[in-house]
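Undergrad: Sequence:
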Amino acid sequence: MYIFGGGSYVATMGRFLWGLVAGWSSALLLAAVVAAIIYRRYERLQQRARQAERLAELGTLTGGLAHEIKNPLSTVQLNLQLLREDLEQRDPANSRLVNRLNTVQNETARLRDILDDFLRYAGKIELDRKPHDVNALLEELIDFFSPQAQLQRVQLRLRKSSQPLVVPLDERLIQQALLNLLINALQAMPEDGGEIILSVAERGEQAVIDVIDTARGIPPEALEKIFEAYYSTKSGGTGLGLAIARRIVQEHGGQINVRSELGKGTDFTIALPRL
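Each residue of the sequence shown is one higher than the one before, starting from 15 at the first, in the working numbering.
Simulated from the structure, these hints should not be mistaken for laboratory data. If you're wondering where the values come from, they're calculated on a predicted model, not measured in any experiment. A few of these clues could be false.
[Claimed, not checked] Straight-line alpha carbon distances no greater than 27 Å define the calculated DSSO-like cross-link-like pairs of lysine-lysine that follow:
# : residue 1 : residue 2
1 : K84       : K138
2 : K239      : K174
3 : K138      : K239
All chains should be modelled from the sequences, with the hints used to inform the complete structure.
TA: Shown next as structure tokens:
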């Protein structure tokens, strides 16, 4: 009986030790897998941090370069204006020279606009957040943009929320983002005009603004690219208007999305966190 009992004890202990070893092996294997995953994530974070540092450095360098270009460009614009005035006063027959000067002036002005857009996109954004009622903000924007819309036979409409919708935001920057969307909608309108609707509503902890137009719509292949810098389907466009709008919204902790249907129109949606 003693031997039998001893054998059972040894067998039981053997199974216990084997289970313990197997358990430890599984635990070690699991720990190794977790450690490998953590290490890969750490590597990715380090890579992103290095990339962010390079982008920040590049942004500083390009921003400084843009400022350096703007200064002599302003001098060129001023001297072109003075030269044009001198030519007009001295001899009205210099119409060809004046026309050429006009062309150069227009191109330098366009170059300055491109630099201004680039600095708004690549430069550091300092938010001056204050509580604002989005209803009132959109009313001001409608009043400002209506004359330009009427020139193209486009009707502006506003759908306000039933109650004041207060959001901590930088009023100037959010108006700039919305103005970029309005200009984009206006440029997409057909010659016989159309309608642009600004709508604001409360959705949970967010204030949602829609800029809806009845224009041509955006082709599906372009929808994935329209927020990319320098992507534009319009001749003469800088391709930065929508990219700037997205950056402003993201700096506020919000999101911007777009839905479009060819022949019917486009809906840009901005969601901003509320107070």
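Undergrad: Compare the structure with each hint and give your call.
TA: Hint check results:
1. K84 / K138: The hint holds at about 18 Å.
2. K239 / K174: With Cα atoms ~30 Å apart, K239 and K174 exceed 27 Å; violated.
3. K138 / K239: Roughly 23 Å between the alpha carbons, so the hint for K138 and K239 holds.
Hint 2 from the earlier list is the only one contradicted by this structure; the remaining hints agree with it.
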